[in-house]
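**Q** Each chain sits in its own coordinate frame; assemble them with the hints.
These protein sequence lines are chains C and Z, in that order. Number 365 in numbering that gives the first Met the number 0 belongs to position 366 of the first sequence; there are no gaps in the numbering. Number 50 in numbering that gives the first Met the number 0 belongs to position 51 of the second sequence; there are no gaps in the numbering.
I should point out that these hints are in silico values taken from the structure, not numbers from a laboratory. Treat the hints with care, as some may be off.
The calculated lysine-lysine pairs, modelled on BS3-like cross-linking and capped at a C-alpha distance of 25 Å, are [as the list claims (entries may be wrong)]:
| # | chain 1 | residue 1 | chain 2 | residue 2 |
| --- | --- | --- | --- | --- |
| 1 | C | Lys121 | C | Lys357 |
| 2 | Z | Lys2 | C | Lys121 |
| 3 | Z | Lys1 | C | Lys164 |
| 4 | C | Lys277 | Z | Lys94 |
| 5 | Z | Lys95 | C | Lys277 |
| 6 | Z | Lys49 | Z | Lys95 |
| 7 | Z | Lys73 | C | Lys164 |
| 8 | C | Lys422 | Z | Lys95 |
| 9 | Z | Lys12 | C | Lys277 |
| 10 | Z | Lys95 | C | Lys428 |
| 11 | Z | Lys94 | C | Lys411 |
| 12 | Z | Lys94 | C | Lys190 |
| 13 | Z | Lys33 | C | Lys292 |
| 14 | C | Lys277 | Z | Lys40 |
| 15 | C | Lys277 | Z | Lys33 |
| 16 | Z | Lys94 | C | Lys184 |
| 17 | Z | Lys95 | C | Lys190 |
| 18 | C | Lys277 | C | Lys292 |
| 19 | Z | Lys2 | C | Lys52 |
Computed from a prediction, not measured in an experiment: that's the story for all the values here.
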Amino acid sequence: MAFKDLREFIKLLNKTGDVVHIREEVDWDLEIGAIGRHAYEIQAPAQLYEKIKDYPGHRVFNGSLGTFRRVAIAMGLDPNTSVKQLYKEYEARINSPIKPIVVSDGPCKENIVTGDDIDLFKLPVPYIHEGDGGRYIGTWAFEVTRNPDNSWDNWGMYRFMVHNKRYMVGWPRYSSHLSMVLHGKYVPQHKPMPIALVLGSDPLCSMIATAPIAINANEADYAGGLCQEAVKLVKCETSDLLVPVNAEIVLEGEILPDRTVQEGPFGEYPGYRMEGAKDGVLVRTKAITHRNKPIFTIISLGVPPDDSSIAASLTAALAMKRRLLKHNLPITEVFVPPIGVTHIVVVGVKRGGNEVAKQIKDVLTARRADVNKIFVVDDDIDPFDFDQVMHAFATKCHPIRGIFCEEVEPPKGNALTPCYNAKERRAYKGAIALIDCTWPPELDKITSVPMKNSFNIMFPPALKDKVLANWKTYGFKERKKEKK
Amino acid sequence: MKKEYQIFTPDIKNLIENKEIKLTIKDLNPGTSKYGAKIVKAILASDSSKLPDGDVLHVRSWIGALYPQTWAIKIIEELDETEPGIPHGETIRAKK
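Just chain Z, with the same shape it has in the complex (with noise of 0.2 Å):
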C-alpha cells in the first residue's frame, strides 16, 4: 500500500524531478500524527509510472489549493527535524 504526502510550493514550476532534492513534506496516513512534517531529501516525478516504487504526493499552492495532478515521491533519507534560519527571514529578507 503506496503511502501518501503532501507538499507546498509557491510555484510547481520549480518542482525538480527525477533528482534528488530536500523539500519538507506532511503526513497524510491515518494515525494520530496525520499532518506533522517531515524534513526529507528524495526524488521526485510528475507522472507517477517514473517513480514505480514511489509513494503518493499531493502537490498544493502556497495558499493551499490542490493541483489537479498527483505528483510521485521517494524518499531518500529524513533529514533534521528543523532547518537553520531565523524568525520571519523572509520578512527580514524583504527589508534588505
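Chain C with its partners taken away, still in its complex shape (with noise of 0.2 Å):
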C-alpha cells in the first residue's frame, strides 16, 4: 500500500492537490459542515480543518473518498485513472483477500480514556446540518461488532450522534449486519453486545466498510485484499473486539439491550432527511483511545457526489456483480452510478429478455432490497455510461413488456429511501422496478431486431479507421475524449 495510515495518505492527496489545510479557525457548530457540503457540490478537494474552535489539539477531516479521484489516490494508482479500470482493480483485489494480523499495541493507543474521563463533547463533533437531531459523531466512522457463536467480526458503516456526555445514539438499519446479530444474539438475551466505532483508519478500511459483504466473511480481510496487505488490528481495552491499530479514534461501548433514547432526524446519503428514530440504538461508552492531535474523520452527507455515493458506487455494485456471478447469470458489467445513491444499478448483460431480467431481480432482492430500480442493459451499451443506458430505456424499453414493479416482503426495504412514506419506511416495506431495456432474445437479430445508427455499428471498419485517422485533417481539432 502507497500510505501506512490516513495522515501519510492526506500527504499523498498534498502532492496531487486534492486536499485543503483549512488553518483559520472554524466552528464545529455548522461551518464545517457547510463548507464539506459545499466542496462536495462543487467537486473541491477534501478538507484538514486544523484550528476548530473550543477544541484545541483536534482535527477534522472531511472528504476522503469524496472522488473517484481520490478513491484512485487511496488505492495507489494514477488519480486519472478510469471509473472502470478502478472497477476492475477493486475487483481483482477483493477476489484476494488476505488476512489480518494481531498486534499489541500501536497509534491508536497513544491516549486512553476511561470512567468518569469519558466526555463525548471533548472530542469536536460536529453539528453538519441545520435541523439534524445532534451531533454525529459516526459519519465517516465504522462500527465492528462480533457475532458470539462464530466469531464473525462485522464491520458496517452506520450513524451514531452523540446523545450525552456518556451515551451515543445510532439508527444501523434493521436489515444490516449489525441489527441481524445485535437482534439474534444479545437482545432476546438481555446482554449488552460490545461496539466500537472506528474513525480515521486509512481510507481503504472505511470504504470496504460500506461494502455488502456476505454474512460470515470478515470484512478485514478484504481490506487487506484492497491494501494489498494485512491490516493491522489490535485489541480494544474493554472488549476483545479487534480494530485497526492505526486508527485516529476509537470509541468503545456497548449496545444496551434494554434501554433507548431518541435518534435523529439526520441528512442522509440519499440526499434527504427523513425522520428520526423513538427507539434508536443506545450504545454506552465505556472507553476513547486516540491518537496524539487526533484527526477526527465526517462527511458532510447530502446529494451526491460525496464519500458515502463514491465508495458505494464501487462497493455495492462488485458485491452484485459477485453475487450476480454466483447464479450463473450471463451479466457483463455492472455499474451503481454515484448520481443514483446505491438505489439505481444497471447490469449489462450478454444475453436478454424478461427472463433473465427477472432472474436478475430475484438475486438482487433475496435478503434486501436497498436497490430499487435496476436497469437490464444489452452489451451494446456501455453500464458506466449513464447517457447511453438513458437511451437504451428511451429506445428498447417497453412501458408494459419492459417495466415490472412489485412490493418487497419486510424488513427487505430499504428505510432511507425517499420515495416511500414514513410508515413504509419505519416498517421496512419497500418496492422494486425492475426496467428491462434489452430486446427479447426471440427477436430475429436478421428481420426484426432495429439496427443501431451509431458510428460503430453503421459503418465498415476499415471506413471506420480511416475517418478516426484523418479527424484532424477534417479540420477538428481533437477526437472527442472517451467517457469515463
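**A** Following this line, the structure appears as C-alpha cells:
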C-alpha cells in the first residue's frame, strides 16, 4: 500500500493537490458542515480543518473518498484512472482477500480515556446540517461488532450521534448485519453487545466497511485484499473486539438491549433528511482511545457525490456482481452510478430478455432491497455511460412489457428511501422496479431487431479507421474524449 | 437570560400545554455540550406569555423542519439519561 495510515494518505493528497489545509479557525457548529457540503457539490478537494473552535489540538477531515480521483489515490493508482478501470482493480483485489495480523500495541493507544473521564463533548463532533437531531459522531466512522457464536467480526458503516457525555445513539438499519446479530444473539438474552466505532483508519478500511460483504465474511480480510497487505488490528481495552491499530480515534462501548433514546433526524446519504427514530440503538461508551492530536473524520452527507455515494458505487456494484455471477447469470458489467445513491443499479448482460432480467431482480432482492430500480441493458450499451443507458431506456424498454414493479417483503425495504412514506420506512416495506432495456431474445437479429444508427455499428471497420485517422485533417481539433 | 432548548416531534398537535409531560430536549445554549439531549419532566406553552418564568423552546418536526412559532418550556426535573425500550422498537412494533 502507498501509505500506512490516514496521515500518510493526506500527505499523498497534498502532492496531488487533492486536499486543502484550512488553518483559519472554523466552528464545529454548522460551519464545517457547510464548507464540506459546498466542497462536495462543486467537487472541490478534501479538507483538513486544523483549528476548531473550542477544540485546540484536534483536527477534522472531510471528504477522504469524495471523488473517484481520491479513490484512485487511496488505491495507489494514477489519480486519472478511469472509473471502469477502478472497478476492475477493486474487483481483482477483493477476489484476493488477506487475513489481518493482530498486534499488541500501536498508535490508536497513545491516549486511553476510561471511567468518569469519558466525555464525548471533548471531541470536536460537528453539528453538520441545521435541523439535525444532534451532533453526529459517526458519519465516516465504521462500527466493529462480533457474532458470539462464530467470531464473525462485522465492519459496517452506520450513523451515530452524541446523546450526552457518555451515551451515543445510532440507527444501523434493522436489516443490517449488525442488527441481525444484535436481535439474534444479544437482545433476546438481555445481554449488552460490544461495539467499537473506528474513526480515521486508512481510507480503504473505511471503504470496505461500506461494502455489503456476505454474512459470516470478515471485512478485515477484504480490507487486506484492497490494501494488498494484511491490516494490523489491536484488541480493544474493554472487549475482545479487534480494531485497526492505525485508527485516529476508537470509541469502545456496548449496545444496551433494554434501554433507548431518541435518534435523529439526520440528513442522510440519499440526499434527504427523513424522520428520526423514537427507539435508537443506544451505546454506553466505556473507553475512548486516540492518537496524539487526533484527526476526526466526517462526511457532510447530502446530495451526491460524496464519500458515501462514491465508495458505495464500487463496493455495492461489485458485491452485486459477485452475487449475480454466483447464480451463473450472463453478466458483463454492473455499475452503481453515484448520482443514483445506490437506489439505481445498471446491469449489463450478454443475453437479455424478461426471463434473465427477472432472475437478476430476484438475486438482487433476495435478502434486502437497498436498490429500488434495476436497469438491465444489452452488451451494446456501456453500463458506465449513463447517457447510453438512458438512450436504451428511452428506445428499447417497452412501457408495458419492459417495466415490472412489485413490493418487497419487509424487512427487505431500504428504510432510507425518500419516496417511501414514513410508515413504509419504519416497517422496512419497499418496492422494486425492474426496467428491462434489452431486446427480447426471441427477436430475429436479421429480420426484427431494429438496427442501431451509431458510428460503431453502421459503418464498415475500414472506413471507421480512415475517418478516425483523418480526423484532424478534416479540420477537427481533436477527437471527442471517451467518457469515463 | 432565558435558556434555549429544542425538541423534535412527529406532530405539533400532540404537544400538550399546561400539564407536566415527559420529553427529550436538546440543549441549544452556547458551549461544548450544545445539542446534547436531556430527558425531562416539563410544562409547555405555545405562547410564552402564558409561562413567563419559562425558557425558550424551538419546535422542529420529525424531519427537522422548524415551526415558525417559538414555545415556552419550564423544566420541572431532569429524569434518567435513558429510557426503557429496545433498539429498533418502532420497527419491531410495526412488524406485529
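**Q** Within 25 Å, alpha carbon to alpha carbon, are lysine 33 of chain Z and lysine 292 of chain C?
**A** Roughly 23 Å between the alpha carbons, so the hint for lysine 33 of chain Z and lysine 292 of chain C holds.
**Q** Tell me if the straight-line CA distance from lysine 95 of chain Z to lysine 277 of chain C falls inside 25 Å.
**A** Holds, at roughly 17 Å.
**Q** Are lysine 94 of chain Z and lysine 190 of chain C close enough, with their CA atoms no more than 25 Å apart?
**A** It holds: about 23 Å lies between the C-alpha atoms, which stays within 25 Å.
**Q** Mind checking the alpha carbons of lysine 277 of chain C and lysine 94 of chain Z for me, to see if they're no more than 25 Å apart?
**A** holds (16 Å)
**Q** For the pair supplied as a hint, lysine 95 of chain Z and lysine 428 of chain C, confirm whether the alpha-carbon distance does not exceed 25 Å.
**A** Satisfied, since the Cα-Cα distance of roughly 13 Å is no more than 25 Å.
**Q** So if I understand the rule, the pair passes when the alpha-carbon distance is 25 Å or less; does lysine 422 of chain C with lysine 95 of chain Z pass?
**A** holds (13 Å)
**Q** Is it true that the CA of lysine 49 of chain Z sits at most 25 Å from the CA of lysine 95 of chain Z?
**A** violated (42 Å)
**Q** Lysine 2 of chain Z and lysine 121 of chain C: Cα distance at most 25 Å?
**A** Roughly 22 Å separates the two Cα atoms, so the pair holds.
**Q** Under the criterion that the straight-line Cα-Cα distance not exceed 25 Å, is the pair lysine 277 of chain C, lysine 33 of chain Z satisfied?
**A** holds (21 Å)
**Q** Mind checking the alpha carbons of lysine 94 of chain Z and lysine 184 of chain C for me, to see if they're no more than 25 Å apart?
**A** Judged against 25 Å, a Cα distance of about 19 Å means the pair holds.
**Q** Does lysine 190 of chain C sit within 25 Å of lysine 95 of chain Z, going by the straight-line distance between their CA atoms?
**A** holds (23 Å)
**Q** Check whether the Cα positions of lysine 73 of chain Z and lysine 164 of chain C lie no farther apart than 25 Å.
**A** holds (23 Å)
Consistency with the previously given hints fails for numbers 1, 6, 18, ordered from lowest to highest.
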